[in-house]
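Chemist: Let the hints inform the model, and build the full structure from the sequences given.
There are 2 protein chains.
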Amino acid sequence: MSLPLSDRAKVMPPSPIRKLAPYADAAKKEGVKVFHLNIGQPDVPSPKEYWAAVKGCELEVLEYSNSAGIAELREKAAADYCKQGINITADQVLVTTAGSESLSIALSIICNPGDEVIIPEPLYANYIGFAAGTGIQVVPITTHIENNFALPDSEEFAKRITDRTRAIVICNPGNPTGSTYDRAQLESLLKLARENNLYIIADEVYREFYFDGERPLSVLQLDGSDENVIMVDSVSKRFSLCGARIGYFVTRNAALIDPAIRFAQARLSSPTLEMIGVIAALDTPLSYYDALREEYTARRDVLTQRLRAIPGVTCPDIQGAFYAKVQLPIDDSDKFCKWMLEEFRHNNQTVMMAPGTGFYSTPGLGKNQVRIAYVLKIENLNLAMDCLEVALAQYPGRTVTTETATAQ
Amino acid sequence: MSLPLSDRAKVMPPSPIRKLAPYADAAKKEGVKVFHLNIGQPDVPSPKEYWAAVKGCELEVLEYSNSAGIAELREKAAADYCKQGINITADQVLVTTAGSESLSIALSIICNPGDEVIIPEPLYANYIGFAAGTGIQVVPITTHIENNFALPDSEEFAKRITDRTRAIVICNPGNPTGSTYDRAQLESLLKLARENNLYIIADEVYREFYFDGERPLSVLQLDGSDENVIMVDSVSKRFSLCGARIGYFVTRNAALIDPAIRFAQARLSSPTLEMIGVIAALDTPLSYYDALREEYTARRDVLTQRLRAIPGVTCPDIQGAFYAKVQLPIDDSDKFCKWMLEEFRHNNQTVMMAPGTGFYSTPGLGKNQVRIAYVLKIENLNLAMDCLEVALAQYPGRTVTTETATAQ
Numbered sequence: 008m009s010l011p012l013s014d015r016a017k018v019m020p021p022s023p024i025r026k027l028a029p030y031a032d033a034a035k036k037e038g039v040k041v042f043h044l045n046i047g048q049p050d051v052p053s054p055k056e057y058w059a060a061v062k063g064c065e066l067e068v069l070e071y072s073n074s075a076g077i078a079e080l081r082e083k084a085a086a087d088y089c090k091q092g093i094n095i096t097a098d099q100v101l102v103t104t105a106g107s108e109s110l111s112i113a114l115s116i117i118c119n120p121g122d123e124v125i126i127p128e129p130l131y132a133n134y135i136g137f138a139a140g141t142g143i144q145v146v147p148i149t150t151h152i153e154n155n156f157a158l159p160d161s162e163e164f165a166k167r168i169t170d171r172t173r174a175i176v177i178c179n180p181g182n183p184t185g186s187t188y189d190r191a192q193l194e195s196l197l198k199l200a201r202e203n204n205l206y207i208i209a210d211e212v213y214r215e216f217y218f219d220g221e222r223p224l225s226v227l228q229l230d231g232s233d234e235n236v237i238m239v240d241s242v243s244k245r246f247s248l249c250g251a252r253i254g255y256f257v258t259r260n261a262a263l264i265d266p267a268i269r270f271a272q273a274r275l276s277s278p279t280l281e282m283i284g285v286i287a288a289l290d291t292p293l294s295y296y297d298a299l300r301e302e303y304t305a306r307r308d309v310l311t312q313r314l315r316a317i318p319g320v321t322c323p324d325i326q327g328a329f330y331a332k333v334q335l336p337i338d339d340s341d342k343f344c345k346w347m348l349e350e351f352r353h354n355n356q357t358v359m360m361a362p363g364t365g366f367y368s369t370p371g372l373g374k375n376q377v378r379i380a381y382v383l384k385i386e387n388l389n390l391a392m393d394c395l396e397v398a399l400a401q402y403p404g405r406t407v408t409t410e411t412a413t414a415q
Numbered sequence: 008m009s010l011p012l013s014d015r016a017k018v019m020p021p022s023p024i025r026k027l028a029p030y031a032d033a034a035k036k037e038g039v040k041v042f043h044l045n046i047g048q049p050d051v052p053s054p055k056e057y058w059a060a061v062k063g064c065e066l067e068v069l070e071y072s073n074s075a076g077i078a079e080l081r082e083k084a085a086a087d088y089c090k091q092g093i094n095i096t097a098d099q100v101l102v103t104t105a106g107s108e109s110l111s112i113a114l115s116i117i118c119n120p121g122d123e124v125i126i127p128e129p130l131y132a133n134y135i136g137f138a139a140g141t142g143i144q145v146v147p148i149t150t151h152i153e154n155n156f157a158l159p160d161s162e163e164f165a166k167r168i169t170d171r172t173r174a175i176v177i178c179n180p181g182n183p184t185g186s187t188y189d190r191a192q193l194e195s196l197l198k199l200a201r202e203n204n205l206y207i208i209a210d211e212v213y214r215e216f217y218f219d220g221e222r223p224l225s226v227l228q229l230d231g232s233d234e235n236v237i238m239v240d241s242v243s244k245r246f247s248l249c250g251a252r253i254g255y256f257v258t259r260n261a262a263l264i265d266p267a268i269r270f271a272q273a274r275l276s277s278p279t280l281e282m283i284g285v286i287a288a289l290d291t292p293l294s295y296y297d298a299l300r301e302e303y304t305a306r307r308d309v310l311t312q313r314l315r316a317i318p319g320v321t322c323p324d325i326q327g328a329f330y331a332k333v334q335l336p337i338d339d340s341d342k343f344c345k346w347m348l349e350e351f352r353h354n355n356q357t358v359m360m361a362p363g364t365g366f367y368s369t370p371g372l373g374k375n376q377v378r379i380a381y382v383l384k385i386e387n388l389n390l391a392m393d394c395l396e397v398a399l400a401q402y403p404g405r406t407v408t409t410e411t412a413t414a415q
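Just so you know, the sequences run in chain order A and B.
When you read off a place in the first sequence, starting at 1, and then add 7, the result is the number in the working numbering.
When you read off a place in the second sequence, starting at 1, and then add 7, the result is the number in the working numbering.
Calculated from the structure, these hints are not laboratory results.
Some hints could be false.
Note: identical chains are not told apart, hence a pair may lie in one copy or across any two.
[Stated by the list, open to error] Here are the simulated SDA-like cross-link-like pairs (lysine to any residue), alpha carbons at most 20 angstroms apart as the crow flies:
1. K198 x S9
2. K166 x Q334
3. K35 x I286
4. K374 x I286
5. K345 x Y402
6. K384 x V309
7. K17 x G121
8. K90 x Q144
9. K35 x K345
10. K62 x A97
11. K90 x G220
12. K62 x P52
Modeler: See below:
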């Protein structure tokens, strides 16, 4: 008789972003240069304010913090939201161990096992993981590369509402799609949520990453967002502090704060020294974001241009975040991404990407897609695109013939 | 129609250790000195090796780490276990965001909602929290202050096994009891677990805190522990690094590693800089632990002596960890602990303790008990005991008359 595993242990998916890491490690051991386009890990330096605060810390004992976060950080984060036009007070912000924990707490306190959340797909793969961990059903609405993964009409959401539906989850700007949603779209979703007594969980961790025009609106900036909205936020991308594990759970619905704090108390505290660093990072001047946006706009432009020049590749328009969900002329993105790491070399270089299937809840979708995180300097991005172009011409499972490919 | 909360949001208890924090904050604002005996937050300085590594870190970008932890930390932690006679390899150790996450992953991967875990009580309050968060039923076995909260015979455990039982959870040395379990007791529990196809989850985060004789045995040192045992560990107490949030999930059962890694991938990474600090902290010389034990032995002795000198107080024998689960001559520990913070002052000082009820799964137990964490210097511990002694004489809900109390 073997020892049992739980059902959630069985359904928890491996991360499509990380599951190929052993193959990348093996390639690196052979001396191959691997360009990491698989993971949203920016190469931008973390703010010097962060490093100065951490290195200048004069604590002797690294103590637990308040479960809801260091008071100064909650106050400063709230003030920062207000500066952005999002009216939030310190008691409406809980510090979490990154956006991951914020989402996990949000799902846990509003959903019972078996309850449903509606999410446009392709979606951030880890939503599937958190739903699996908490026994929640993801009800996907498939969006399409042909119209740049645009948000479906609220009628499409309405059709999927059942008596088990508890929330609509959106990511704006979108991981992995690069889409952003406008005021009319957000208002229509909020209206639907209010009419049907649903929450909106808005993952807005890419708020600073927008390329054309205005900063995308937060759902918390809409009238009527007080009761129904939970915002999931994080400093990981904004401050290039992915390793700090500091995020926020933000809502104006006071009824959610108490259970969220009780969940936070169960794990005692987020990392104290990291909070001290983030308090300082919040003094980062606005020019940091401007430079960030300029750099990512340039990267987006290069990526889009290079991808669209490769025969058989479809690259959607990208408005925000730093991902592209790209369609390739391949049979199977899992096989292709693994082949790139195990067998393909171009000038002793190769590229790691995230296979597309892990970003869909609907089985079978995304087989000819990959997610590309354009988090590298343009020079390296160009080298990575050189690799991809050659690889697509050589890959045995290509679905566009070599003749067609090379003729263009 | 109000927006619904989940069942787990309703049953997740507030932390008995932290729920009175607002009253302590209010007292401090009045200028009152509050001695914190409520929380296992040692006042011992964190290792200088930790601070040097963190402050000397030359990274420019604070990146995500491998979801299972930085390889060097896994290797060093495994080597450290081997030095202690616990044979563990690097691939059997996953780095987690403190012991809290290790326990949460362990419960999640072995239990479905509705499954049962047997735990001797009084128990670490947060076990109740994690069980609530994951929908697991705690089946308590009450232990008694009269015999120092000794581990019940395995027959007592056997009686509580049902077809929903998945694990026995023990904490050794024990929080909040201060008990340690010997080889014969552990062997008998492991035998029972093996016979009934159960896991043992062994929380051994207080391994270095033992006062009389030998270091307590780890369950992983027993023959036959390969399949059935998951050890929950943490550097929080050992290195006085509660705020670092670094722990370990340790097992030799290879079938558990893969699901645990998938759960870890869903939250991406533990804090990177903290891992870098802990890698260095593992070079802490053995003399650090010797000094730690010497200090805590002295504190235990003072605490025990002082408590036993107060009329109506029962203090059990304490063999390990740094807690005492003490019986007081009071009507209600929740009221008493709150009264201490709100109303009682002695030389403008008071004491914060954790009410006893939160450490029992059985409703109604622990009403005349508190948990005292003796994590303060002896001088402060004595001042705190002065406060407690005077408070017990004045408390309106005392159950020993003032005459009796002052006559002794």
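Chemist: Using 20 angstroms as the alpha carbon limit, work out where K166 and Q334 are close: within a copy, between copies, both or neither.
Modeler: neither (28 angstroms within a copy, 59 angstroms between copies)
Chemist: When no copy is specified for K384 and V309, does a C-alpha distance of 20 angstroms or less occur within a copy, between copies, both, or neither?
Modeler: So K384 and V309 pass the 20 angstroms test inside one copy only (10 angstroms; across, 61 angstroms).
Chemist: At most 20 angstroms between alpha carbons: which applies to K62 and P52, within, between, both or neither?
Modeler: both (16 angstroms within a copy, 17 angstroms between copies)
Chemist: Regarding K345 and Y402, is the shortest C-alpha distance of 20 angstroms or less found within a copy, between copies, in both, or in neither?
Modeler: within (11 angstroms within a copy, 70 angstroms between copies)
Chemist: Given identical chains, is K90 near Q144, meaning Cα to Cα at most 20 angstroms, within a copy, between copies, both, or neither?
Modeler: Neither. Shortest intra-copy (36 angstroms) and inter-copy (45 angstroms) distances fail the 20 angstroms Cα cut-off.
Chemist: At most 20 angstroms between C-alpha atoms: does K62 with A97 qualify within a copy, between copies, both, or neither?
Modeler: Answer is neither; intra-copy 26 angstroms and inter-copy 30 angstroms both fail.
Chemist: Could you place K17 and G121 in one of the four classes (within, between, both, neither) given a Cα distance threshold of 20 angstroms?
Modeler: Intra 16 angstroms, inter 17 angstroms, cutoff 20 angstroms: intra and inter.
Chemist: Quick one: K374 to I286, C-alpha cut-off 20 angstroms, is that within a copy, between copies, both, or neither?
Modeler: neither (42 angstroms within a copy, 40 angstroms between copies)
Chemist: Tell me, please, which holds for K198 and S9 at an alpha-carbon limit of 20 angstroms: within, between, both or neither?
Modeler: Result: close only across copies, 15 angstroms inter versus 51 angstroms intra.
Chemist: At most 20 angstroms between C-alpha atoms: does K35 with K345 qualify within a copy, between copies, both, or neither?
Modeler: within (14 angstroms within a copy, 59 angstroms between copies)
Chemist: As a check of your reading, is K35 near I286 (CA-CA no more than 20 angstroms) within one copy, between copies, both or neither?
Modeler: neither (36 angstroms within a copy, 23 angstroms between copies)
Chemist: When no copy is specified for K90 and G220, does a C-alpha distance of 20 angstroms or less occur within a copy, between copies, both, or neither?
Modeler: Intra 19 angstroms, inter 60 angstroms, cutoff 20 angstroms: intra-copy only.
Going through the hint list in order, the structure does not satisfy hints 2, 3, 4, 8, 10.
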